Amino acid sequence: MKIVESVFQNLSTWGLPVLVLTLGVVEFSLGLYKKHWDNNERILDIVCYTVPKLIVRPLVAYCGLKFLPLVLPDFKGAFEWVPFWWGFLIICVADDLTQYWYHRLHHEVPFLWRFHRTHHSAPYMGMAMASRQNIIYTLFFSQTYLTTALVYIGLGYPALFAKGVKSIITTLAHSSIPWDKPLYQNKWLHPLAWVLERLISTPATHHAHHAASNDDGIGHYKGNFGNMFFLWDVIFGTGIITRKYPSVYGLQHYHHEEWYAQFAWPLLKSSKEGSELAANGPMVADETSTPQEPEPIPHTTAIPASGHIVPG
Amino acid sequence: MKMQPQIFRRIIRNALISVFIYALPVLAMFLVLYVRGERPWKTKAQHTVHTGHHRQP
Chain A
1 MKIVESVFQN
11 LSTWGLPVLV
21 LTLGVVEFSL
31 GLYKKHWDNN
41 ERILDIVCYT
51 VPKLIVRPLV
61 AYCGLKFLPL
71 VLPDFKGAFE
81 WVPFWWGFLI
91 ICVADDLTQY
101 WYHRLHHEVP
111 FLWRFHRTHH
121 SAPYMGMAMA
131 SRQNIIYTLF
141 FSQTYLTTAL
151 VYIGLGYPAL
161 FAKGVKSIIT
171 TLAHSSIPWD
181 KPLYQNKWLH
191 PLAWVLERLI
201 STPATHHAHH
211 AASNDDGIGH
221 YKGNFGNMFF
231 LWDVIFGTGI
241 ITRKYPSVYG
251 LQHYHHEEWY
261 AQFAWPLLKS
271 SKEGSELAAN
281 GPMVADETST
291 PQEPEPIPHT
301 TAIPASGHIV
311 PG
Chain B
1 MKMQPQIFRR
11 IIRNALISVF
21 IYALPVLAMF
31 LVLYVRGERP
41 WKTKAQHTVH
51 TGHHRQP
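Heads up: the sequence lines are chains A and B, in that order.
Mapping the first sequence onto the numbering used here, position 200 (from 1) lands on 200, and the numbers just tick up by one.
Mapping the second sequence onto the numbering used here, position 57 (from 1) lands on 57, and the numbers just tick up by one.
A hint or two may mislead.
Subject to a maximum C-alpha distance of 25 angstroms in a straight line, what follows is the list of computed SDA-like cross-link-like pairs (lysine to any residue) [as the list claims (entries may be wrong)]:
#1 K42(B) / W85(A)
#2 K269(A) / K244(A)
#3 K2(B) / N214(A)
Covered stretches of chain A, as calculated for chain B (at least 3 residues, CB under 8 angstroms) [what the hints assert, rightly or not]:
#4 88-95
#5 158-171
#6 270-278
Hint data in this document are derived by calculation from the structure and do not stem from the laboratory.
In this text the structure is predicted, and so the values were computed from the model without any measurement.
Note that the Cβ used here is the ideal one computed from N, Cα and C, for glycine as well.
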């Protein structure tokens, strides 16, 4: 248990950045970003990766741990008695369901779309774009506040493990290395694939969320909102499982807006005509980001040889 | 640009289901503790009183 504890403690400090960097180098070396990673994208990805880690999260944690004792003085360590595995389960559900809603609302409420658009403008998948978010989206990111509150009320220890598991799943779901492919290619692994793809986000289901189009029957940018758990998409009927990967990622009408506009809109605007991030830009410019009712997953589903879900 | 009414209705419906999902693990924990006759919060309170780690009323 000491070894596991040490792994997760290191994961929450230097472990995850090392994992992300290693995967990023492998992806880049394998040419998985193709020729899409130009200077503008590169600066945006690096700024989005570093600013939250160096400024936003430490600032929120510091202010939160100063502020919480003032407003909730009797709750400090009040839930330390919660058994570890129950604490782990409660945090996994509370954290990831909250993020599911935060994410889903940014897609389904037109006013919120532009705060999340930066994450979808990348024409590639991988470690480079996994942390790519507008600063306002990052500032209001519910998990940052939830973690601070959990540590304060005494659930910091199970939170360490829940966050660690979540980081690994979401990082690998964004990776351009399709680790889930063998699960679909080997028939004897299909039962495991069936469970995993409904329980957690995989490259296949999360890449579909980043597709530039739904026309190929693989892309599903109007759904597959789950981060750690895909189960929320199954329960709420917002998911599609195809076991395939989209051929084109990003936004259909991407204007390659300046990195600073993508990072700091609406504080900084884009000069690109017709862009959603321009001074007089539309709230939702193209079909790609127009929220529509997705086809819900029936509760009884079957995956035929073609890999597409059909009603059971 | 306004949200489509069917999207709004679905969000409300799913949000209500979410309240139940949030509560589920907490309720399950208390149910299991109740069945086993365990009261870990009392043990913790006694421990803090004995060790003086908690403020006395």
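- Violated hints - listed by number, lowest first: Per hint list: 2, 5 and 6 violated.
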